[in-house]
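Participant: Listed below are the residues making up each chain.
Protein chains: 2
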Amino acid sequence: MTSFFEADTNITPTASGRWTAHISADWNIGENPNGGYLLTPALRAAQHVAGHPDPLTVTTHFLRPGVPDAPAEITAEIVKAGRTLTSVQVTLSQDGAPRLHMIAGFGSIDATTAHDATWSVPPPTLPAPEDCLDRAELTQGISIALNGRSEIRVDPATIGPPDPDRPAEIVGWTRFRDGSDPSVLALPFFADAFPPTVFTRLGPIGWVPTLELTVHVRRRPAPGWLICQVWCDDVFHGKMIETVRIWDSRGELVAQARQLGLLI
Amino acid sequence: MTSFFEADTNITPTASGRWTAHISADWNIGENPNGGYLLTPALRAAQHVAGHPDPLTVTTHFLRPGVPDAPAEITAEIVKAGRTLTSVQVTLSQDGAPRLHMIAGFGSIDATTAHDATWSVPPPTLPAPEDCLDRAELTQGISIALNGRSEIRVDPATIGPPDPDRPAEIVGWTRFRDGSDPSVLALPFFADAFPPTVFTRLGPIGWVPTLELTVHVRRRPAPGWLICQVWCDDVFHGKMIETVRIWDSRGELVAQARQLGLLI
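As you go down the protein sequences, you meet chains F and B in turn. All residue numbers for the first sequence refer to the numbering used here, where the first residue is 25 and numbers rise by one. All residue numbers for the second sequence refer to the numbering used here, where the first residue is 25 and numbers rise by one.
Keep in mind that the hints are not guaranteed to be accurate.
Intra- or inter-copy, both count: the list cannot distinguish identical chains.
Computed list of lysine to any residue pairs in SDA-like fashion (alpha-carbon distance at most 25 Å, straight line) [what the hints assert, rightly or not]:
| hint | residue 1 | residue 2 |
| --- | --- | --- |
| 1 | 104 | 93 |
| 2 | 104 | 231 |
| 3 | 104 | 54 |
| 4 | 104 | 42 |
| 5 | 104 | 169 |
| 6 | 104 | 91 |
| 7 | 104 | 153 |
| 8 | 104 | 260 |
| 9 | 104 | 154 |
| 10 | 104 | 92 |
By construction, these hints were calculated from the structure, which means they are not laboratory data.
Could you build all of it, start to finish, from the sequences and the hints given here?
Facilitator: Next up, the structure:
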């Protein structure tokens, strides 16, 4: 069965290095497609040209809001092909205007080097999903169609009435609502799907546009829930840095991410 | 007086959107120019085309090692011009082959939005520079010309004989050896100048090539020493994520950065 995520991020080739996609309105935050959703068709195009399976590092500049329920054109080309990493750049446009520009480094998660050292960050402890709060019940000050596609269950200890003395950090579970399992290509989506943590201190602040998002995919996620830890430790002149860690159902760190966002 | 950093990262226009530079051997790690040094001429070209003064987010993919004591050609073009952020892409080539590809978002650090909330991370406490260890006295298993250009003084408590149980984290002071003050354009350099923290656990491991580096510039640095905190919490299959915070002499957080590096 095709998941909603696969169906709604599907791309169709039109020429060498060119694809079309249809941007759904079902992944909106307010009037705009969620950034992590909008970048996924571009990431699929990047994967096609890269010749390596896994996006190891994905940087996206969000140039203009995406247009929901409308077609998109994608161009992708190799910047440099390599044995360990191939760098690809991608542009996704709608109505003739570029909406996002991506540079992604593809390689193989399973390939290793001579160094076999492994260390990592353990997941936080948090209540079971059924004892957490569904994001759909939280007030962000904006209508969120995305809640119908992604399920987010927030540890109640990390959320509550806005409090300027609270650390801006949210811990919770996430998965697709349709029960489909996470994939390597879905991790950048999940890295941008949590509510902005600034609202735990500042209250409902509406849409917090992402200017730039960089995601590092670290492992292939196991089926089941993901655990996300999202925090913002740096707000200045309306610009914020938000950092994300994602673990899979085995407790393995599968992605790290960071974004530059705007408080408007 | 022109600093070594300015002189050795100077660019000369040759046509619209094109520059040349001369890559010095004085900023080498072993046989290769330090990545943070090599990206700086590209960053200068980006600033020229951006029409905004400050690099707010800078992502560089390092495609091939740079060639020391050799010319470089740089091309830069606007991806999207904006009032808050202008995205620029840059390629630096030597011997006809691209060495690095950058996407940078330029804006104004001094511009603010309607939101005036400010929060930040305080600097770590560490001994005075004269009570710290000069990086030139540390063994990284490689010859480091860079030590003649950048001074790094490491808190001795964060360094010592390699110990697999030690957190891979180094705290220290840094500045240019010639006494010139840090600038906004120098912060990406400083974000890549510390020794790789993995060596505190794994011992001297030589060159750790950076595949991708993303730097967020948060404030204009005051004159004087910078404080850096560098840590690696994630090594898997020879690929590591290293994170950096930089504070200026006032104790203000001036940059955050993260890189994907390779243990070869």
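Participant: Decide, hint by hint, whether the structure agrees.
Facilitator: How the hints compare with the structure:
no.: 1; hint: 104 - 93; verdict: between (34 Å within a copy, 23 Å between copies)
no.: 2; hint: 104 - 231; verdict: between (36 Å within a copy, 21 Å between copies)
no.: 3; hint: 104 - 54; verdict: between (37 Å within a copy, 24 Å between copies)
no.: 4; hint: 104 - 42; verdict: both (18 Å within a copy, 20 Å between copies)
no.: 5; hint: 104 - 169; verdict: neither (38 Å within a copy, 28 Å between copies)
no.: 6; hint: 104 - 91; verdict: between (31 Å within a copy, 17 Å between copies)
no.: 7; hint: 104 - 153; verdict: neither (43 Å within a copy, 41 Å between copies)
no.: 8; hint: 104 - 260; verdict: between (36 Å within a copy, 24 Å between copies)
no.: 9; hint: 104 - 154; verdict: neither (46 Å within a copy, 44 Å between copies)
no.: 10; hint: 104 - 92; verdict: between (32 Å within a copy, 21 Å between copies)
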